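Undergrad: I would like the entire structure built from these sequences, with the hints used as guidance.
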Amino acid sequence: MKQPIYFDYSATTPVDPRVVDAMLPFLREDFGNPASRSHAYGWRAEEAVETARGDVAALVGADSREIVWTSGATESINLAIKGAAQFNRERGRHLVSLRTEHKATLDTLRELERVGFEVTYLDVQEDGLLDLDRLRDSLRPDTTVVSVMHVNNEIGVIQDITAIGNLCRERGIVFHVDAAQSTGKVAIDLAKLPVDLMSFSAHKTYGPKGMGALFVRRKPRVRIEAQIHGGGHERGFRSGTLPTHQIVGMGEAFRLARLEMAVENDRIRMLRDRLWSGLSTMDEVFLNGHLEHRVPHNLNVSFAFVEGESLIMAIKEIAVSSGSACTSASLEPSYVLRALGRSDELAHSSIRFSLGRFTTEADVDFTVQLLRDKVGRLREMSPLWEMFQDGIDLNTVQWAAH
Amino acid sequence: MAYSEKVIDHYENPRNVGAFGRDEAGVGTGMVGAPACGDVMKLQIKVDESGVITDARFKTYGCGSAIASSSLVTEWVKGKTLDQAMTIRNTEIAEELALPPVKIHCSILAEDAIKAAVEDYRHRLSASDQTA
Chain W
1 MKQPIYFDYS
11 ATTPVDPRVV
21 DAMLPFLRED
31 FGNPASRSHA
41 YGWRAEEAVE
51 TARGDVAALV
61 GADSREIVWT
71 SGATESINLA
81 IKGAAQFNRE
91 RGRHLVSLRT
101 EHKATLDTLR
111 ELERVGFEVT
121 YLDVQEDGLL
131 DLDRLRDSLR
141 PDTTVVSVMH
151 VNNEIGVIQD
161 ITAIGNLCRE
171 RGIVFHVDAA
181 QSTGKVAIDL
191 AKLPVDLMSF
201 SAHKTYGPKG
211 MGALFVRRKP
221 RVRIEAQIHG
231 GGHERGFRSG
241 TLPTHQIVGM
251 GEAFRLARLE
261 MAVENDRIRM
271 LRDRLWSGLS
281 TMDEVFLNGH
291 LEHRVPHNLN
301 VSFAFVEGES
311 LIMAIKEIAV
321 SSGSACTSAS
331 LEPSYVLRAL
341 GRSDELAHSS
351 IRFSLGRFTT
361 EADVDFTVQL
371 LRDKVGRLRE
381 MSPLWEMFQD
391 GIDLNTVQWA
401 AH
Chain A
1 MAYSEKVIDH
11 YENPRNVGAF
21 GRDEAGVGTG
31 MVGAPACGDV
41 MKLQIKVDES
51 GVITDARFKT
61 YGCGSAIASS
71 SLVTEWVKGK
81 TLDQAMTIRN
91 TEIAEELALP
101 PVKIHCSILA
111 EDAIKAAVED
121 YRHRLSASDQ
131 TA
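For the record, the sequence lines run as chains W and A. Okay, so the first sequence: first residue is 1 according to the numbering used here, each after it adds one. Okay, so the second sequence: first residue is 1 according to the numbering used here, each after it adds one.
Keep in mind the hints are simulated off the structure, nothing from the lab. Treat the hints with care, as some may be off.
Lysine-lysine pairs mimicking BS3-like chemistry, simulated, CA-CA at most 30 Å apart [as the list claims (entries may be wrong)]: (1) W/K316 with A/K6; (2) W/K374 with A/K6; (3) W/K374 with A/K78; (4) A/K46 with W/K374; (5) A/K6 with A/K80; (6) W/K2 with A/K6.
Quick look at which bits of chain W chain A covers, simulated, 3 or more residues with Cβ under 8 Å [what the hints assert, rightly or not]: (7) 309-317; (8) 336-347; (9) 374-382.
Residues from chain A shown here face chain W by an in silico Cβ test under 10 Å; the list is partial [as the list claims (entries may be wrong)]: (10) Y3; (11) I8; (12) P35; (13) C37; (14) G38; (15) V40; (16) S65; (17) I67; (18) D112.
Values in this document were obtained by computation on a predicted structure and should not be read as measured data. We put the beta carbon where it would ideally sit given N, CA and C, even for glycine.
TA: Okay, here's the thing in structure tokens:
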């Protein structure tokens with residue numbers, strides 16, 4: 001079977017071939033341990049690690065000494081939130097975050113609740129954005145950490161981290177931002193942003209999986225407790241032998257993002273808008289999340305009266321993901337879409353298209369035609385579509401829930 | 001999720017998609033499930049004077065397994081008496097389609113749809129007997 005067209009760049013991106021080329025020497029002849037101070041193998045690896053650290057820092061306007069290598073955004077988020085909460089636990093035990101956060105954040109917070117912290121999970125508005133008044137009202141004298149994602153993985157909306165950070169700064173609260181989905185998509189300048197900790201992933205930005213970083217601000221200095229011990233690597237923040245090839249990959253991926261993101265984002269925005277203008281001519285199609293305050297790469301659409309998983313089966317020629325329960329291990333539809341106030345039915349009917357570096361105009365045009373055909377076919381099979389056509393308001397029907 | 005060949009076949013070539021007029025003589029309509037749960041099945045049977053199901057139609061909103069389960073039961077009920085149709089069990093549907101455990105509820109829904117359609121037919125029949 002021909003490989004489906006890839007529209008799932010928010011799940012992961014292919015490693016850019018230029019990144020692969022940069023990594024390979026460090027799996028072959030330059031295999032040294034960057035912690036080896038006694039010979040050229042180690043020196044060579046250490047130099048590569050520090051070059052990469054500079055490239056990661058440069059994309060986000062940080063000092064390279066503020067970058068700590070981790071195994072990915074999930075580990076960065078754990079280190080940031082647990083590390084800051086534990087360091088400040090004598091000062092307070094209240095943490096604040098959003099309902100629409102990634103599970104890496106939500107499950108970390110749940111774990112902290114288990115060991116005695118209290119967490120406020122804020123609702124978002126219908127467009128997916130945080131209402132600042134709601135945040136302000138939630139902050140207390142014993143609040144120590146606020147964690148908010150920069151760009152949402154499902155709906156692509158961009159939170160106003162400047163305004164959120166300012167609220168935290170005024171109160172001496174540590175502010176962590178999950179930026180896994182935003183590097184290379186949104187300009188980030190940590191020299192100006194009021195952010196204390198920021199988590200990064202390599203594989204969402206054309207780097208390798210299993211690699212991430214955490215920004216830990218030096219001025220004003222942010223203190224966190226290490227979560228992984230043994231050897232004192234990364235100035236004690238995160239022990240473990242550094243994976244030189246992975247680090248080089250992340251550095252090269254972030255360097256390319258810095259050089260190319262402006263041009264690339266214009267092109268992707270044009271493609272995304274072309275996709276939306278093609279899909280939105282169909283009846284009863286709804287965009288999830290704010291139209292403007294979102295990254296150009298994301299289009300999350302509900303096709304009413306069609307169930308998401310059966311739609312995904314019908315569009316095997318493209319690789320997308322769905323907010324439908326049936327595509328996940330649980331039977332609950334997307335908690336992110338439900339947090340926007342979308343009905344369960346529209347959450348079940350949602351498809352996330354995420355575009356990226358290798359998406360073409362032909363891919364988009366093919367997808368528009370495919371969706372028109374298949375949504376039409378499934379609606380012909382849908383009793384809900386039939387009722388809608390007959391003018392029945394589905395909200396007034398007495399359903400036998402099961 | 002990996003589907004069995006039978007599910008894919010029913011999904012791609014669903015049998016008996018469509019609708020009879022709800023008020024047509026000899027028609028029973030069952031609608032089960034809820035949009036919030038991600039699946040709604042509408043099953044219709046056409047019954048002759050001797051109480052044998054001669055034809056069936058379905059429309060389903062739901063995942064591939066839900067569509068396949070309802071397509072399958074439209075084939076199975078044809079030629080059966082109402083009582084025979086009422087003996088179709090979800091376990092037989094699940095077995096025939098090799099549904100994974102997480103999809104068993106689709107077969108339960110299909111069984112419920114048969115029962116609802118038969119009950120609707122019987123209800124309408126007794127109502128028309130009383131008015132006759």
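Undergrad: Given a cut of 10 Å on the nearest C-beta pair, is the interface hint for A/D112 held or broken against chain W?
TA: Holds. Min distance 8 Å.
Undergrad: Keeping to a limit of 30 Å between CA atoms, is the pair of W/K2 and A/K6 held or broken?
TA: The given pair, whose Cα atoms are some 22 Å apart, holds under the 30 Å limit.
Undergrad: Is A/K6 within 30 Å of A/K80, Cα to Cα?
TA: holds, 22 Å
Undergrad: With a cut-off of 10 Å, does the beta carbon of A/G38 approach a beta carbon of chain W closely enough for the hint to hold?
TA: holds, 4 Å
Undergrad: For the segment 374-382 of chain W, count the residues whose Cβ lies under 8 Å from any Cβ of chain A; is that count three or more?
TA: holds (count 3)
Undergrad: Next pair to validate is W/K374 with A/K6; report whether the Cα-Cα distance is within 30 Å.
TA: Answer holds: W/K374 to A/K6 is near 20 Å, not above 30 Å.
Undergrad: With a C-beta cutoff of 8 Å, work out whether three or more residues of the segment 309-317 of chain W approach chain A closely enough for the coverage to hold.
TA: n = 3 at 8 Å, threshold three: holds.
Undergrad: Taking the least C-beta to C-beta distance, is A/I67 closer than 10 Å to chain W?
TA: It holds, given that the least Cβ distance between A/I67 and chain W is near 6 Å, below 10 Å.
Undergrad: Does A/V40 hold up as a contact with chain W if the rule is Cβ-Cβ below 10 Å?
TA: holds, 5 Å
Undergrad: Mind checking the CB of A/S65 against every CB in chain W and telling me if the closest is under 10 Å?
TA: holds, 8 Å
Undergrad: Taking the least C-beta to C-beta distance, is A/C37 closer than 10 Å to chain W?
TA: Check passed: Cβ of A/C37 comes within 6 Å of chain W, closer than 10 Å.
Undergrad: Is the straight-line distance between the alpha-carbon of A/K46 and that of W/K374 30 Å or less?
TA: holds, 29 Å
Checked against the numbered hints listed earlier, the structure breaks none of them; every hint is satisfied.
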